[in-house]
Structures are given as structure tokens and as C-alpha cells.
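*Asks:* Here is what each chain is made of, one letter per residue.
Number of protein chains: 2
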Amino acid sequence: MQRLIEKIVEYQNPTVAGLDPKLAYVPSFIKEKCFEKYGKNLEGAAQALFEFNKALIDALCDIVPAVKPQAAYYEMYGWQGVKALAQTIAYAKEKGMYVITDGKRNDIGTTMEAYAAAHLGATDLEGEEVEAFSADALTVNGYLGSDGINPLLKICADRDKSVFVLVKTSNPSSGELQDKKIDDKTVYETMGDMCENWGKDLRGASGYSAVGAVVGATYPEMLGELREKLPHTFFLVPGYGAQGGGANDVKFAFDKNGIGAIVNSSRGIMCAWSKEEGSSEADFAAAARREAIRMRDDIRSVVGKMKA
Amino acid sequence: MQRLIEKIVEYQNPTVAGLDPKLAYVPSFIKEKCFEKYGKNLEGAAQALFEFNKALIDALCDIVPAVKPQAAYYEMYGWQGVKALAQTIAYAKEKGMYVITDGKRNDIGTTMEAYAAAHLGATDLEGEEVEAFSADALTVNGYLGSDGINPLLKICADRDKSVFVLVKTSNPSSGELQDKKIDDKTVYETMGDMCENWGKDLRGASGYSAVGAVVGATYPEMLGELREKLPHTFFLVPGYGAQGGGANDVKFAFDKNGIGAIVNSSRGIMCAWSKEEGSSEADFAAAARREAIRMRDDIRSVVGKMKA
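Those sequence lines, one after another, are chains R and H. Numbering-wise, the working numbering comes out as the position in the first sequence, counting from 1, plus 1. Numbering-wise, the working numbering comes out as the position in the second sequence, counting from 1, plus 1.
Same shape as in the complex, but just chain R (with noise of 0.2 Å):
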């Protein structure tokens, strides 16, 4: 967590790029091309992401710390989105960003080492080492307890990467489960002392450890009493822009030294020609370094200098 820390300082930006590129957002004249070159079908549509993903990446890279790819968008187009998520996570790594992949995966023993080898880490051919997908840092479910998150904590000291667990999510049904009080805590509360639990030997210069929480902006005051509660957990914040949240609500993620926590836009960045007076989907990566500059100095104006 300690390298985005610093990028974050670096760029004094706290905020990361969601790619979940739908083919509904990608301009037509790069769908054309693709379809052209591949045919209409998930190859042609897959490589239509890689090429969206690509612009975006080269019009953020100097200004945004990290990428976070959705998985669930490269997987609706087979096998060969899930290659256009490779493609992307190693094209915004060559660019220097932090990649979050937000995969939520969750499972227990050898099945979790293998979404930590997947992810973050390399798999084994027979004594030769290959990264499969090898993203920064992973986003994962703790509804199955230590078990589940144990191999990746490995993976996070040997190879210095990150998971995101679950907490609070951003949408209106989080509560169903995640409000409900265990004793005196609620399962989001257990759930966020589990995170503290879980990173307390992988803690970098900055006092955040290797194993973050995802909280949500939707819900502004959990994330301040968050923040007081779990001093060691980094946050990645979903819920920025298009799911309602703006800079006042997501301003309690942060200590402060104005660290603490990441926040995403996704819709907001990709989508942001569609906003603009006057844009055209021709214009797509330089609106989206518009949106990216107004979301960084909208956060900035409420957490001011930012020092690791």
C-alpha cells in the first residue's frame, strides 16, 4: 500500500480511475475499427475495450495515481475480455499506475491461493514462474473469514501488493447484512477489525497496512467513525460521482496528513465527453483528463496537502 501511498503524495491526487468499459461507452469510430479488424463478436468487441482503456490510460497517467479494472465488464466478453483485462493491467503498469483489479473474489485455502497467483502473485509451470494477470492489488470478499484472506497476506509481503476487503458498500442494500449489530458491533464494524487484525505485520512507513477496506461515499458519517476506528486501513472509496457521493462526503476518509484513503470514479471519467456542453465521443480522453483534473481538485479542496 506504502507505493500508492507515494504515487498519491506524488500526483497530491487521491483518486483512481474505474475501467468498466461497457461497449455502450466506447465511441463508435473505435468499435468500428475493431469490428472491422476482428469481426462483431467478443474478440472484436474485447479489443474495442483495450483500445478504449488505452486512450484513457495515456490521457490520466501523469495526473491520476491507479486504474481500478472491473472485472465483471471484461468477463461479459468471454475469455477474450478477460484478455483485454490482461492486456489493460499490463499497459497501465508499463504507464506507471497502481492497479487495483476489482474482482471481489473470495474463496479458502489452495482455491484462494489461486486467485492470489491469478491476481498478484505467479503461477507455478512446473518450476518455471509466470505472472497470469499480476495486478498492484486486488479487492476481495471476508465473508468466509481468515481463510479466505491468509493466502493473499503472503503474496502481499513477498511481492509488496495490496488486497481491499469489503466493509460498507456503497449501494442502498448494504444494510441488509452489513448494518445488522453483533453484540454491541455491527458486521461492518467486525468486518473492518478483522481488516486491522489481518494487516497488523504488513504495515508500511506510512502506518497503513498491505490489507485495506472498501467503504463506500454513500454513507458519509461511517466513513468518518471508520477512519477514527481502523487507523491502520487504507480505504478505497467507491461511490464518487455517479453513485451521488462529492468531495464533502467522502472528506472523512481521510487523517490528518490528508492520506488514508482512495476514492473512484468510473462512469464519471469514462463517460465524461457525454457530459460536457459542446463534447463529442471524439473527445473522450481529453474530457476524461477534464473530469479527472475537476474530481482531484474538488477532493483536493477539502483534504488539502497530502503528506505520506
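No wet-lab data here; the hints were simulated from the structure. One thing to keep in mind: the hints can contain errors.
Derived coverage of chain H by chain R (criterion: at least 3 residues anywhere in the stretch with Cβ under 8 Å from a Cβ of chain R; other residues may be distant) [claimed, not checked]:
1. 84-93
2. 157-169
3. 184-191
Below, simulated PhoX-like cross-link-like pairs (lysine-lysine); rule was C-alpha separation at most 25 Å, straight line [unchecked claim]:
4. R:K230 - R:K182
5. R:K276 - R:K230
6. H:K181 - R:K201
7. R:K186 - H:K55
8. R:K8 - R:K34
9. R:K186 - H:K181
10. R:K155 - H:K23
11. H:K96 - H:K257
12. R:K186 - R:K252
13. H:K182 - R:K186
14. H:K186 - R:K181
15. R:K181 - H:K94
16. R:K182 - H:K230
17. H:K186 - H:K155
18. R:K155 - R:K8
19. R:K41 - R:K23
20. R:K257 - R:K182
21. H:K230 - R:K181
22. H:K94 - H:K8
23. H:K38 - R:K182
24. R:K182 - H:K96
25. H:K186 - H:K201
26. H:K155 - R:K23
27. R:K181 - H:K182
28. H:K257 - H:K8
29. H:K230 - H:K308
30. H:K181 - R:K230
31. R:K182 - H:K257
32. H:K308 - H:K201
33. H:K55 - H:K38
34. R:K230 - H:K38
35. H:K252 - H:K308
36. H:K55 - H:K276
37. H:K201 - R:K181
38. H:K257 - H:K201
39. R:K186 - R:K201
In this text, all values refer to a predicted model and were calculated from it rather than measured experimentally. The C-beta atom is built at its ideal place from N, Cα and C for all residues, glycine as well.
Assemble chain H onto chain R, guided by the hints.
*Replies:* For chain H alone, coordinates are given in the frame of chain R:
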């Protein structure tokens, strides 16, 4: 779920073969052939997994009603492995098997719609519908509440598909969250109630709905308790064999008609040859069949005749 239940009754066999193929489980003659053809790389490894799966499916498809490929083991071999997953699903369906993709996917809103389209439904390519993975069922994690499940219910209704929600998992640390008490109910009982509710409009002729639950065989007393409390929720039961459960541990998952659950074995079947006196890896498929028959008969002996 009704399709699965009818297949179980036809075969008088409430078991599912888990296809969790680490390269280390694949006989060397298959690996060598694939490495020679595709190279000792992710593609060669992935195609070795597919060849292994094909032989297992051929050996099992007339006696075992379903297979459950575990997504993690395919993702570990990159997009090439995910291609082998798609190939495995297609091959098993062609052979008449019911396919449960064990992905434990979870997210919200449009993102969950993308997972639902990817794994159970179809993807819209500008007016054309294309199937990406299209299994018969998908395991999912309900930590995010109804927003994460509703997008699946529509596809279950429209396309006769099913989901299995994690309720009580088979691992030792599952209790860290799942056994905690919310008022007078545990977290896993609360999740079980949510399953009954999500499935209430999706019940088939047998009374079981399209929303099933994952309940581990390693907690037999909970299986019986949940069978009684969740009369419309069909169970997927991991933990038989390698994880320690036997027929007596799973018998409480079944109702008075001998239905209500399907029991998984992965390594027990895939690696059966390694536990048989005098067997070599060349016999892996025949040994898998013998173990599948032994497991079927073991479970039949405690469950009796199955009636839909």
C-alpha cells in the same frame, strides 16, 4: 434448479464432480503433449487442463449429473486458463451435464448485471446476443445484500438458471463472521433467510427455488438445522472427501424425498488414481469413475431412493 433435481433423480445420484485442475493433478502424458503442441507456457498449461477435464467428463457424464469448475484454478493460468474454463463448460453441457461455475461472484447493480450476463446469460453486442460462459448455475456471495442478487434473479427466471449463495462455508475460520449472532440468529442463518426470500417467486415443481445455498459438509449439525429452516432452498455441499466429511455428515442435508442437496467432491475424484492400490496416472479417468460410483453409492446408502 428443477433441471438439476430431475437429473439427480434420473441418475439417482446427488453428487457433483468439482473440476479444480491444478497443473500438478494433470497426468504427465497430457502435459507433455500440450507443452509440445502449445509451448511450456500458460496456453500449454491451460490446454492440458482442458484435455484433463474432457477425459474426466467423458468418464463421468453418464453417471454424475453435474460438474463444478472452480474459476480460481482457471484464472491462475491467465486468460488462456479462462478460455479453458469456457471450453470445459461448453464440453460438459454438450455431454448433457449440468454446469455450476464456482466463482463466488459478488457486486452491485450494473456490475452484477455484467457478471450475470457473463456467467449465466448473454452479452449484448449492439443488438446481437452472444453467450460468454453460460453455465447453468453460479455460486455467489451475498455480503452486499439484494442489490447483488436481484440482477441474477431475472436471468434465473428468463433462462432457467440457478445461483448458490454462500451461507455456511466448510472452512475452519468460517465462523469468524458466519457464526456471530445478530439478535437471536447467526449471520449464516440470516443469510439463509435471505436466500428463502430471494427465491420465493422462483420455485419449481419440487418446491425448491432457483436460489440455492452453499452449506459445508464439515458442519453436519448445521446442515440438518438449515434443511429444516430453509425448505425451498437447495444446498450445494462442499467438504465431502478431501475436506473430511463423509456420507453420515451430509445425510441431514436431504429431505424426506431424498432430495434437497448435491454433494461436491473435487480432488477425491480428480486424483482418485493416486489413492488406489496399483493404479497409475494413466488410469486417472477410470479411477475417477470408480471413485464417483463409490461416492454415489456411499451417499445413496444414507439417503435412499430420490423422488422429484
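*Asks:* Please go over all the hints and tell whether each is borne out by the structure.
*Replies:* Structure-based check of each hint:
Counting residues of the segment 84-93 of chain H whose beta carbon lies closer than 8 Å to any beta carbon of chain R gives 3, which meets the minimum of three for the stated coverage. Against chain R, the segment 157-169 of chain H contributes 1 residues with a C-beta closer than 8 Å to a partner C-beta. That does not satisfy the three-residue criterion, and the hint is violated. With 3 residues bearing a CB less than 8 Å from a CB of chain R, the segment 184-191 of chain H meets the requirement of three and the coverage assertion stands. With a C-alpha separation of about 17 Å, the suggested pairing of K230 of chain R with K182 of chain R holds against the 25 Å cut-off.
At roughly 38 Å between alpha-carbon atoms, K276 of chain R and K230 of chain R are farther apart than 25 Å, so this suggested pair is violated. Straight-line distance between C-alpha atoms of K181 of chain H and K201 of chain R comes to about 23 Å, which keeps the hinted pair within the 25 Å bound. Among the hinted pairs, K186 of chain R with K55 of chain H is inconsistent with the structure: their alpha-carbon atoms are about 49 Å apart, more than 25 Å. Annotation: proposed proximity of K8 of chain R to K34 of chain R is violated, straight-line Cα distance about 35 Å (limit 25 Å).
A distance of roughly 11 Å separates the Cα atoms of K186 of chain R and K181 of chain H; the hinted pair therefore holds under the 25 Å criterion. Distance restraint check for K155 of chain R and K23 of chain H: the Cα-Cα separation of roughly 20 Å lies within the 25 Å cut-off, and the hinted pair is therefore satisfied. Straight-line distance between C-alpha atoms of K96 of chain H and K257 of chain H comes to about 30 Å, which puts the hinted pair past the 25 Å bound. Our distance criterion of 25 Å between C-alpha atoms is met by K186 of chain R and K252 of chain R, whose separation comes to about 24 Å.
With a C-alpha separation of about 11 Å, the suggested pairing of K182 of chain H with K186 of chain R holds against the 25 Å cut-off. A distance of roughly 11 Å separates the Cα atoms of K186 of chain H and K181 of chain R; the hinted pair therefore holds under the 25 Å criterion. For a cut-off of 25 Å, the pair hint linking K181 of chain R to K94 of chain H is broken: about 41 Å separates their Cα positions. A threshold of 25 Å between alpha carbons decides the hint, and for K182 of chain R with K230 of chain H the separation of about 22 Å falls inside it, so the pair holds.
Restraint check for K186 of chain H and K155 of chain H: the C-alpha separation of about 29 Å exceeds 25 Å, so the hint is violated. For the proposed pair K155 of chain R and K8 of chain R, the alpha carbon gap of about 23 Å is at most 25 Å, so the pair holds. Between K41 of chain R and K23 of chain R, the direct Cα distance comes to roughly 15 Å. Compliance with the 25 Å bound is thereby established for this hinted pair. Restraint check for K257 of chain R and K182 of chain R: not satisfied, since their Cα atoms lie roughly 30 Å apart, outside the 25 Å limit.
The straight-line distance between the Cα atoms of K230 of chain H and K181 of chain R is roughly 20 Å, inside the 25 Å bound, and the hint therefore holds. Note on K94 of chain H and K8 of chain H: the hinted pairing holds, with a Cα-Cα distance of about 13 Å set against a maximum of 25 Å. Of the pairs offered as hints, the one joining K38 of chain H and K182 of chain R is violated, with about 57 Å between alpha carbons and a cut-off of 25 Å exceeded. Restraint check: the Cα-Cα separation between K182 of chain R and K96 of chain H comes to about 47 Å, which exceeds 25 Å; the hinted pair is violated.
For the proposed pair K186 of chain H and K201 of chain H, the alpha carbon gap of about 21 Å is at most 25 Å, so the pair holds. Using a Cα cut-off of 25 Å, the hinted pair K155 of chain H and K23 of chain R holds, with the two alpha carbons roughly 20 Å apart. Between the alpha carbons of K181 of chain R and K182 of chain H the distance comes to roughly 10 Å, so the proposed pair stays at or under 25 Å and holds. Taken as a hint, the K257 of chain H and K8 of chain H pair is honoured in the structure, with Cα atoms around 18 Å apart against an allowance of 25 Å.
A hinted pair counts as satisfied when its Cα atoms are at most 25 Å apart, and K230 of chain H with K308 of chain H qualifies at roughly 21 Å. For the given pair, K181 of chain H sits about 20 Å from K230 of chain R by alpha-carbon distance, which is consistent with the 25 Å threshold. Annotation: proposed proximity of K182 of chain R to K257 of chain H is violated, straight-line Cα distance about 36 Å (limit 25 Å). Restraint check for K308 of chain H and K201 of chain H: satisfied, since their Cα atoms lie roughly 22 Å apart, inside the 25 Å limit.
About 17 Å separates the Cα atoms of K55 of chain H and K38 of chain H, which keeps this hinted pair within 25 Å; it holds. At most 25 Å may separate the alpha-carbon atoms for a hinted pair to count; K230 of chain R and K38 of chain H exceed this at roughly 56 Å. Pair hint K252 of chain H plus K308 of chain H holds up; C-alpha atoms about 16 Å apart against a cutoff of 25 Å. At most 25 Å may separate the alpha-carbon atoms for a hinted pair to count; K55 of chain H and K276 of chain H meet this at roughly 21 Å.
For the hint linking K201 of chain H to K181 of chain R, the alpha-carbon distance of about 23 Å falls within 25 Å, and the restraint holds. At most 25 Å may separate the alpha-carbon atoms for a hinted pair to count; K257 of chain H and K201 of chain H meet this at roughly 21 Å. Among the hinted pairs, K186 of chain R with K201 of chain R is consistent with the structure: their alpha-carbon atoms are about 21 Å apart, no more than 25 Å.
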